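Sequence lines, in order, name chains A and B.
Residue numbers for the first sequence follow the UniProt record's numbering, beginning at 1 and rising by one.
Residue numbers for the second sequence follow the UniProt record's numbering, beginning at 1 and rising by one.
Everything hinted at is true.
Simulated pairs of lysine to aspartate or glutamate, DMTMM-like, Cα-Cα distance not exceeding 20 Å:
1. K263(B) x E280(B)
2. K353(B) x D64(A)
3. K353(B) x E42(A)
4. K263(B) x D279(B)
5. K353(B) x D39(A)
6. K8(A) x D26(A)
7. K263(B) x D77(B)
8. K218(B) x E164(B)
9. K8(A) x E109(A)
10. K82(B) x E65(B)
11. K353(B) x D310(B)
12. K353(B) x E51(A)
If you are wondering where the hints come from, they were derived from the structure by calculation, not from laboratory data.
Note that the structure is a prediction, hence the values are computed from the model and not measured.
Now for the letters of each chain:
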Amino acid sequence: MAETKFSKDHEWVRLEGDAATIGITDHAQNALGDVVFVDLPEVGRVVAAGEACAVVESVKAASDVYAPIAGRIVEVNHALAEAPNLINSAPTGEGWFFRIEPSVHAEFESLMDEAGYARFVESMA
Amino acid sequence: MTETLRETPLAELHRALGGRMVPFAGYAMPVQYPAGIMAEHLHCRARAALFDVSHMGQAELVGTEAAVALETLTPADVLGLKPNRQRYALLTNEDGGILDDFMVANLPTPEGGERLFLVVNAGNKDADFDRIAAHLPPGLRLLRREDRALLALQGPEAVAAISEHAPGVSALGFMGIVETTLFGVHAIISRSGYTGEDGVEISVPGERAEEVARALLKLDGVLPAGLGSRDSLRLEAGLCLHGNDIDATTSAAEAGLLWSVGKRRRMAWDFPGAARLRDELAQGPRRRRVGLRPEGRQPARAHSIIQTIDGTPVGEVTSGGFGPSANAPIAMGYVAPDYAADGTALEILVRGKALPCRVAAMPFIPHRYAR
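Chain B with its partners taken away, still in its complex shape (with noise of 0.2 Å):
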């Protein structure tokens, strides 16, 4: 029995590209094209990657008082994002677990009306945006766009290649965001990403976003990128991935995701599973997400067991593989908070023997965000 995937507005393009079609959220996604994972991965840290991220979940929330409402299910400070400016945010369970994480940008309508852009993950989005839709007061209306695709340019080079494609953005900071256009098509780009390189990510109508794809790869130095390298790149950045590092049990304190719990939120405490992050915070979490660096090659891979050099279990690997920019093997995953210390000598079991690791500070690779 196979299970129907579902296409983003790009996959004719995948197959033409060559790239390797993989069930990704119940969608077919590129892992790679020919040129493959590492070579991807390098070439977006040396110039620019393309990459379809169209599969996630782009809503906007329309009406007077939307970061109100907003912030009964999240951390975040929604109603101090000034306009044109977007932030990472927790939508966390009432035990302070975390449902998802997402992007939301403070981006006006045209008229000038209060309006919240929402991105959320591929696999949580109708679990989300139910959520989202069931707790907003009258007046206020969730429209998911189903009808949009969206695209990330990355690396060091991306900005300067569309700089004079999309008027607005080489003036955008990081996390800046503006409606525009791009090669004469609508776009809501903003500056920001999941590779910890420079770069944006683009709003598009589905129908045009082939067109504008063929474009974007037609500039000097732009390559398209898969899954695969957008999951080294990002586990070298120390960035979160979703199910795998943070789920419905982590919280942002054990995550080390507090930065993105909002300082009047932590005075009012008026938030799903406030009551757990107070306690969390006063007396410390019971296990705190690290990066880990083993010894060697061998790359250690999610699941697996951390312990003491004296055999004894303290945590899991979360995410693991192969950082090709640190040609080095790289881990993250939650230890007790004895062991968290960087430094710290931790062996990870792989297929029965112990691989000796050291508790490394992350990101594994320094981000080169825009300032």
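Pulled out of the complex, with its shape left as it was, chain A reads as follows (with noise of 0.2 Å):
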């Protein structure tokens, strides 16, 4: 069964099987506002955690997502490419950005469950 976890960088994580599915979360799309392009990572391209690895454009303003988890890039979403703003419409669905292989499975248990996550954005405001 498919878990998901958080970042303190507003993503959500999806671990299914080999792979997990990364994108922004709900509250970030909406501190961002209207996304008008995705610059995605290439994919085969190794990451670090905490690297900057996609670019999300808003009319306002340009903001790095980082990879929150170590691991090789092995999916981006071409949909975003011709409709960015599924990331404003479905940001926890049709809106996620890459999937990784992870390399260090101990990386994504230590991030926030939803509750943790919850509580993070609420200590923010």
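Need the complex rebuilt from these two chains, each delivered in its own frame; the hints are there to steer you.
This is how it looks when you write it as structure tokens:
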């Protein structure tokens, strides 16, 4: 069964089998505003945890998206090129960014669960 | 350490409307409301949007020969400004740089005395007004109007929406200005704005501003809009933002703002920085402000390097983003004169990658000002 965890950079990570799907949270898309462009990483790129590997551009500004866990990028969401607004309308579904094959499984376990992320967002307000 | 932000008289209304407040020029201002920048932008082009621009500086220059005095600080033709007319002007320094851009209106007092009404940028208002006050001959007074709020109602339905509530407004031409009432509240209303659309800017007493704004928001077709859409609207309209697109180092010739330099002033060369402008008119400026259209969907932001397709740097982006009405990324910036012709193929460096673009005519979206 898939399990979803959250990073302090407002990404969600859903581990299903060998790969983790990554996107930004509803809180993050709301803070960004209307997304107009996404720059996604190359498939095959090996990333460290915390490494900037995608950029999301709203009308107003550009923001980095970080790899919440280390691993290899195995797939990116090409639908975002045509419809970047999926990030606003379905941030935790069709608006996913990329999939990572984790190199260190323990990293996933160290991320926040849903309740922990809710408390984290609350503490930022 | 946090700096205390000032608030406009509409701060409570912004919060009630769900405005997302951000620091801007020392003020807490709404960057957007729940509708979002895109929707607010498109609504302004389709109907009418209400902006709070009370952070801007308002002042009156009162007394005989006010226009003569102001002309010592600006290359604009202020003397030639007819009563109840407003004009865009630059405040220049001795080096020909642009200290600020502002609006000046000839608005005689109710008794018929000479009075100029000034609106300057929020971030420069203290410096501007200090500079003006320091250059006044005896008998002239600069009266800062911190007691007044400023609202902008912009869009094709803006004037129709308020005409029955503000006597004299529908008769105004573009850049006309009238001292009147709006919903019975004293108001100075000019047919002008910063969006490329028809519309008005409305100066009202601060203590009545919320009541006026709430009444405006009840009108059919009017929605609130924040500074985010104000910026995307002005960029599509090809209008400069002081501090980004023009500053103390850029000249009117470089910025393509020579139209704001009066013809008479260009004969007399009697304003700060005239020597530089005269040289630039004779020899051409060393850089020019241009519009840029990046290929594809990726926006190029301010401070990105502009280079030739061979990789030689030739300029810098000063404003850039995504134009909701253009439905494409748009930018403006300065390039060396050889690369300023419309259609010139260039590249913008975005995060280390060369993004192809072309020099494009501005405005990106045609102006729809009243005739």
